[in-house]
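Q: With these hints in hand, go ahead and build the complete structure from the sequences.
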Amino acid sequence: MPLFTPTARSFRLVPPVPFRGLKSTSYLFESLNAESSPGPRIPRAQRGLPPKKSIPGVTNVIAVASGKGGVGKSTTSVNLALAIANLKKRVGILDADIFGPSIPRLMNLTGKPELTESGNKLIPLINYGIKCMSLGFLIPEESPVVWRGLMVMKALQQLIHQVHWGQLDVLVIDLPPGTGDVQLTLTQQVEMAGAVVVSTPQELALADAVKGANMFKSVNVPVLGIIQNMSTFICPHCTHETHIFGADGARRISEQLGFEFLGDIPLDVDVCKLSDQGKPIVVAKPESAHAKAYKDITAKYLERRSKSWFKKVKVVK
Numbered sequence: 105m106p107l108f109t110p111t112a113r114s115f116r117l118v119p120p121v122p123f124r125g126l127k128s129t130s131y132l133f134e135s136l137n138a139e140s141s142p143g144p145r146i147p148r149a150q151r152g153l154p155p156k157k158s159i160p161g162v163t164n165v166i167a168v169a170s171g172k173g174g175v176g177k178s179t180t181s182v183n184l185a186l187a188i189a190n191l192k193k194r195v196g197i198l199d200a201d202i203f204g205p206s207i208p209r210l211m212n213l214t215g216k217p218e219l220t221e222s223g224n225k226l227i228p229l230i231n232y233g234i235k236c237m238s239l240g241f242l243i244p245e246e247s248p249v250v251w252r253g254l255m256v257m258k259a260l261q262q263l264i265h266q267v268h269w270g271q272l273d274v275l276v277i278d279l280p281p282g283t284g285d286v287q288l289t290l291t292q293q294v295e296m297a298g299a300v301v302v303s304t305p306q307e308l309a310l311a312d313a314v315k316g317a318n319m320f321k322s323v324n325v326p327v328l329g330i331i332q333n334m335s336t337f338i339c340p341h342c343t344h345e346t347h348i349f350g351a352d353g354a355r356r357i358s359e360q361l362g363f364e365f366l367g368d369i370p371l372d373v374d375v376c377k378l379s380d381q382g383k384p385i386v387v388a389k390p391e392s393a394h395a396k397a398y399k400d401i402t403a404k405y406l407e408r409r410s411k412s413w414f415k416k417v418k419v420v421k
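Numbering (this note's numbering), first residue to last: 105 to 421.
Some hints here could point you the wrong way.
As a list, the in silico DSSO-like pairs of lysine-lysine whose alpha-carbon atoms are at most 27 Å apart [as the list claims (entries may be wrong)]:
id, residue 1, residue 2
1, Lys156, Lys321
2, Lys396, Lys157
3, Lys396, Lys192
Pair ranges (Cβ atoms, derived) [to be verified]:
id, residue 1, residue 2, range
4, Glu345, Ala403, 21 to 27 Å
5, Lys396, Arg252, 41 to 47 Å
6, Cys376, Glu221, 39 to 45 Å
FYI, nobody ran anything at the bench for these hints, they're computed from the structure.
Don't be surprised by glycine CBs; every beta carbon is placed ideally from N, CA and C.
A: Below you can see the structure in the form of structure tokens.
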């Protein structure tokens, strides 16, 4: 059975969440004509939301978010995960961007995940010592995901609850931009240790970053801080520094809103080139200024200062 059929107008997941069991990853999705699909059953009287659940084997879940796309959130997610792994932690990455998954390319991973012996959970792919799961492993790279919100939520629930992560100290979730269904589903269903918000110094990006940070605050998810990406560009020839997107915008917003400013990540050509090659800067050039910036953010703030999640992580010897 193919993953998609060209005549399908929309898609849904089968069997219904929670799964009764999978026999093949190709059965994760089946086509469904949108006109004949029944709507979700919603109880007439619902007393609050279901309790949040921890992900089996995962000690801490940290989300990396942004209000606006194109600010380097996925690149930051990957490099933060690798920086945490350098502290002898067991780390995984969940790509929650259903419509535009970036983790497969950034982590240089291809192929479909295998199933556990019981056949009811997916086994993450691994590279650079990081366990990874993404919808991008299950669909052709060039195929668009044309789904309605309910289908996206079911796919997300599968990626959350039907993956065999093993034992992880930290699961980094790379969120899509904005404050929509994915963010709401995760914050309502998963016990999260905290969220990091990524923004450039540009006012346009900062306006949406503020919305993202306030969204987490409104659903009682701790905001660990704000990272200012693409903070400056230093010419490799003359070392002249240029603030292409403005100066210190994220730092200023952090102070105004009472969030911790986690640090700056400069703009660099190598980061772009290496990311496209599936070689994150933290592993490709571990001694570079940019790699050290990610490591400093991780070690200085997330390990020593955050009281909400990292103190619970045990060092794996």
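Q: Against which earlier hints does the structure fall short, listed by number upward?
A: Hint 2 contradicted; others consistent.
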